[in-house]
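These protein sequence lines are chains A and B, in that order. Start counting the first sequence at 1; every next residue gets the next number (my numbering). Start counting the second sequence at 1; every next residue gets the next number (my numbering).
Take these hints with a grain of salt, some might be off.
[As the list claims (entries may be wrong)] Computed list of lysine-lysine pairs in DSSO-like fashion (alpha-carbon distance at most 27 Å, straight line):
no. : chain 1 : residue 1 : chain 2 : residue 2
1   : B       : Lys23     : A       : Lys12
2   : B       : Lys23     : B       : Lys94
3   : B       : Lys564    : B       : Lys586
4   : B       : Lys564    : A       : Lys2
5   : B       : Lys586    : A       : Lys2
6   : B       : Lys783    : B       : Lys181
7   : A       : Lys12     : B       : Lys31
8   : B       : Lys334    : B       : Lys407
9   : B       : Lys649    : B       : Lys784
10  : A       : Lys3      : B       : Lys784
11  : B       : Lys304    : B       : Lys65
12  : B       : Lys629    : A       : Lys87
If you are wondering where the hints come from, they were derived from the structure by calculation, not from laboratory data.
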Amino acid sequence: MKKIISLTVNGKVVEVAVEPGRTLLELIRDDLNLPGTKLGCGLGDCGSCTVLMDGIPTFSCLTLAIQAEGCRIETVESLSQDGHLSKLQEKFIEKGAIQCGFCTPGMLMTSTELLRRNPGPDEHEIREAISGNLCRCTGYQKIVEAVQGHSEEGEK
Amino acid sequence: MSDYRILNTRAPRVDAWDKVTGKAQYTDDLKRPGMLYGAILHSPIGHGKILNIDTSRAENLPGVKAVITWKDVGTQPYGVSPARYDETIFCFDKVRYVGDEIAAVAAIDPDIAREAVNLIRVDFEPLPLVLDPLHAMDEGQSQLHEMYDHNICAKVNWNFGDIEEGRSEAAILRTDSLSSKMQDGAFMEPQSILAEVDGADNLTMWSSTQAPHYIQRTIAMALNHPLHKVRVIKPAVGGGFGPKASCSTAELAICMLALKTRRPVKFTFDREQVFLHGRARHQFHHTMTTGIHRDGTLAFLEHKCILDGGAYASFGIATVYYAGSLLGGPYRLKNMKYDGYRVVTNKPACGAQRGHGAVIARALFEVQLDRLAEELGMDPVELRLKNVMEAGETTCNELFVSSFGMKEALEAVRDSAAWKRKRGELGQTRANGTGIGAACGFFVSGAGYPIYRSKTYHATVVIKLEEVGGGVTVFSGAADIGQGSDTVLAMITAEELGVELNDIRVESGDSSRSVDLGAYSSRTTLMAGHACREAAQDVKRQILQAVATRLEIPPESLEIKAGKVISLTGEIDFSEIRREFLQEHKGFMDTPEGPELTFREASRIAFLELGSVVGTGKYKPPPLGGSFKGATVGTSPAFGCSAQIAEVKVDLETGEVSVERITGAHDCGFAINRTQVEGQMQGSMMMGMGEALMEQKIFDSEGRILNRNLAEYKIPTSLDMPHLESIIVESNEPNGPYGAKEVGEGAIMPVIPSILNAIYDATGVRIDELPVTPERIVEALQKKKLENEL
Ligand code: FES
Ligand code: FES
Chain A
1 MKKIISLTVN
11 GKVVEVAVEP
21 GRTLLELIRD
31 DLNLPGTKLG
41 CGLGDCGSCT
51 VLMDGIPTFS
61 CLTLAIQAEG
71 CRIETVESLS
81 QDGHLSKLQE
91 KFIEKGAIQC
101 GFCTPGMLMT
111 STELLRRNPG
121 PDEHEIREAI
131 SGNLCRCTGY
141 QKIVEAVQGH
151 SEEGEK
Chain B
1 MSDYRILNTR
11 APRVDAWDKV
21 TGKAQYTDDL
31 KRPGMLYGAI
41 LHSPIGHGKI
51 LNIDTSRAEN
61 LPGVKAVITW
71 KDVGTQPYGV
81 SPARYDETIF
91 CFDKVRYVGD
101 EIAAVAAIDP
111 DIAREAVNLI
121 RVDFEPLPLV
131 LDPLHAMDEG
141 QSQLHEMYDH
151 NICAKVNWNF
161 GDIEEGRSEA
171 AILRTDSLSS
181 KMQDGAFMEP
191 QSILAEVDGA
201 DNLTMWSSTQ
211 APHYIQRTIA
221 MALNHPLHKV
231 RVIKPAVGGG
241 FGPKASCSTA
251 ELAICMLALK
261 TRRPVKFTFD
271 REQVFLHGRA
281 RHQFHHTMTT
291 GIHRDGTLAF
301 LEHKCILDGG
311 AYASFGIATV
321 YYAGSLLGGP
331 YRLKNMKYDG
341 YRVVTNKPAC
351 GAQRGHGAVI
361 ARALFEVQLD
371 RLAEELGMDP
381 VELRLKNVME
391 AGETTCNELF
401 VSSFGMKEAL
411 EAVRDSAAWK
421 RKRGELGQTR
431 ANGTGIGAAC
441 GFFVSGAGYP
451 IYRSKTYHAT
461 VVIKLEEVGG
471 GVTVFSGAAD
481 IGQGSDTVLA
491 MITAEELGVE
501 LNDIRVESGD
511 SSRSVDLGAY
521 SSRTTLMAGH
531 ACREAAQDVK
541 RQILQAVATR
551 LEIPPESLEI
561 KAGKVISLTG
571 EIDFSEIRRE
581 FLQEHKGFMD
591 TPEGPELTFR
601 EASRIAFLEL
611 GSVVGTGKYK
621 PPPLGGSFKG
631 ATVGTSPAFG
641 CSAQIAEVKV
651 DLETGEVSVE
661 RITGAHDCGF
671 AINRTQVEGQ
681 MQGSMMMGMG
691 EALMEQKIFD
701 SEGRILNRNL
711 AEYKIPTSLD
721 MPHLESIIVE
731 SNEPNGPYGA
741 KEVGEGAIMP
751 VIPSILNAIY
761 DATGVRIDEL
771 PVTPERIVEA
781 LQKKKLENEL
């Protein structure tokens, strides 16, 4: 039995009918056509599917869509406004924090939240924050540098 | 730093904007109208005869559009090496590992497809399992394949120089062993495939592959579909590291389902299937005896290796050769004997993974060097420096190193990591929980020969100018799987044409664009780079020729710099061309200004003079290698080398290892993009560290992988990884474009041994089984304590 739920995704209120077993990730990728959020494992092990739910980094593969009823969801597609990248996105590019890019949406969401709550994190705080987001390409070095670089210069 | 405008800089990746905004499209992000979803039935047992397959219940499930087994696709053998075609699309007589593919389904949604697969009934007659590679060759073992007597899939027996003479001259010799476990690629993007057929039987497959060219050939061969009607497109790929280089049953089955249903079919592995499919690092059991002279120079190496290859050959023939051949460098070693055996067992097939075949061999050899240095009372870095080859030398197995910054790399890490100060007293291990270790590495910069016997070019590139002027598109078959080859091609093109990076568009990873053998053997920058440079020069020549014809001057007097055509011989009046351009562009607001001719005008003139302007470039290595059997594997137009120092802390109570810092230096010849070179080094450090300390597929007695998820199969997290220091060494490779050679794989070579040597320094014990888990360290420490007490 489908249930109609209402939630805010990237600032827009949406109403959708979902099966009770549908995950938030499936809702985002398939029903709302926002494929920026990635499926790496479906088990809560990799962080590729990280979105912000009421501001908190959340594995959307482990979250049921119906649990997001009434919540505010932010995905990677929300980070740039009118074609302007966020400072953090720019730093990711500048520092070379991206290789294959598959972990990047999740990494960006997790670090965006970190910087909101702690605008000047030190290296260890950054490593702690992103430790649930696996990256197989970069060795994390340039990701850490990007988040650090962001906080050194502050939000513009 | 250099005379280049764009090369050797830290230019941002051309795909970075797409990737930070979530717009980059990976295969699973693609949708086609009327698309069906695939699912695959895997064998639940490790070894058995197939008695019967009943698909009737699956076929009758509403929403199912096709169910296929070997009866539908035939039993045409395929594989990676033509001499070892040992796979069929689906199993027909028997299954050989848990995960072997038996059937596939296409249905209107993924849940129905999975349900249908579960409704297929297969009756098996179980056969004895072969799981232990060290006994797979024994008499009386069950044999997996008729073609592999005693389960030996490949063997190598090499003898270079005179091993006995080396032995008789050596002052000290020692024998050591090191074994590892099967690994997983653990790339973040699970394999995904989308196939579609049009009315003219053109089959297009989008796949998260590393090698569109080989996949195209395999599909045409195995499905008996005309080669020119198979097109393989690689969208953005979320990492590959080797396992995505070989064609999979999934790719073939999904193509077959698309052909059968005449509808697009998509299929994406779940994470468990990534583990089941495997094709990642082999399990290695190395034993080496190395002899050394009193002065620290190497006398000989006698090396034996047994590789567990899992159920099929995949890339494994190359693996068993690489495991031996790449010890030819980076040290002067006159006498080398190698006996390698790749056996098949009832586990997922193993294939290529970063540092193909050579990683564990390198680890043991570098450990041996440290142990020999200790016996000699010599600093291990000094011992290495004494033996390193220089540019212009040839290894005993006939590999010629045309550039070689090995000494520079080793000295760079030694100084940067303050080796001398931290290492302390010569030859003494501290065994106080703090350790430092060094190692070197050596790797090909592109395989010298294609996988199938052919005179094919290894890379071609086509560059086309936009007829309207200003734009440049690079067409290439090269596969950017995250390593950044698209950016390398764009940078080379922009540099050669004298335009900005923004003016270049790269369309790559598509078998219909050009020939490129793929992202493996660290080959793309050198090979596609050469082809790209040639194509760009071809285009440039045509532009300048066209402008010169217009102006009635010799083309040699013109050059393009920073997007402008300039004269090398004094002022030239371009106003006639400008007038013509402006006439064509009445009403346009962005018309060119200034005294110089813009690239936009020049390329438009070229079109008006010549029609569409296309430049082509190609590359194929010269004939390489000796005349002995298997001499082609390990050959390369150039060789990369690297050095690394690892610093660790080991808790002597719990055996917990924490890597505190890694300092690496890699000779990439010339860094086309400095940030990307560092990125490859850092990614290699992470993968090597995982392999040294935590990564292993654990099997039960039935051949099932117990830890088939990313929670239990551990790879390093951001907290496990230390600060990574990456030093670029540039030795200017004569056979590489602009002096460039590889970095993608070579950089992993010293990682494991530098960590192993550091752990020894910290603990005083040697562990000869990877990964070095805390339990293994505690056990070794206890054993040592007991021995000391006795
Ligand atoms: S996909 Fe959600 S944690 Fe991996
Ligand atoms: S960039 Fe590939 S997984 Fe992080």
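Tested hints:
Straight-line distance between C-alpha atoms of Lys23 of chain B and Lys12 of chain A comes to about 19 Å, which keeps the hinted pair within the 27 Å bound. Of the supplied pair hints, the one linking Lys23 of chain B and Lys94 of chain B is violated, its CA atoms being roughly 44 Å apart against a limit of 27 Å. A hinted pair counts as satisfied when its Cα atoms are at most 27 Å apart, and Lys564 of chain B with Lys586 of chain B qualifies at roughly 22 Å. Pair hint Lys564 of chain B plus Lys2 of chain A does not hold up; C-alpha atoms about 62 Å apart against a cutoff of 27 Å.
Between Lys586 of chain B and Lys2 of chain A, the direct Cα distance comes to roughly 58 Å. Violation of the 27 Å bound is thereby established for this hinted pair. A hinted pair counts as satisfied when its Cα atoms are at most 27 Å apart, and Lys783 of chain B with Lys181 of chain B qualifies at roughly 23 Å. A distance of roughly 24 Å separates the Cα atoms of Lys12 of chain A and Lys31 of chain B; the hinted pair therefore holds under the 27 Å criterion. At roughly 19 Å between alpha-carbon atoms, Lys334 of chain B and Lys407 of chain B fall within 27 Å of each other, so this suggested pair holds.
For the suggested pair Lys649 of chain B and Lys784 of chain B, the alpha carbons sit about 19 Å apart, so the restraint of at most 27 Å is met. Taking the CA atoms of Lys3 of chain A and Lys784 of chain B, the gap is near 65 Å; set against the 27 Å cutoff, the hint is violated. A threshold of 27 Å between alpha carbons decides the hint, and for Lys304 of chain B with Lys65 of chain B the separation of about 52 Å lies outside it, so the pair is violated. Using a Cα cut-off of 27 Å, the hinted pair Lys629 of chain B and Lys87 of chain A is violated, with the two alpha carbons roughly 57 Å apart.
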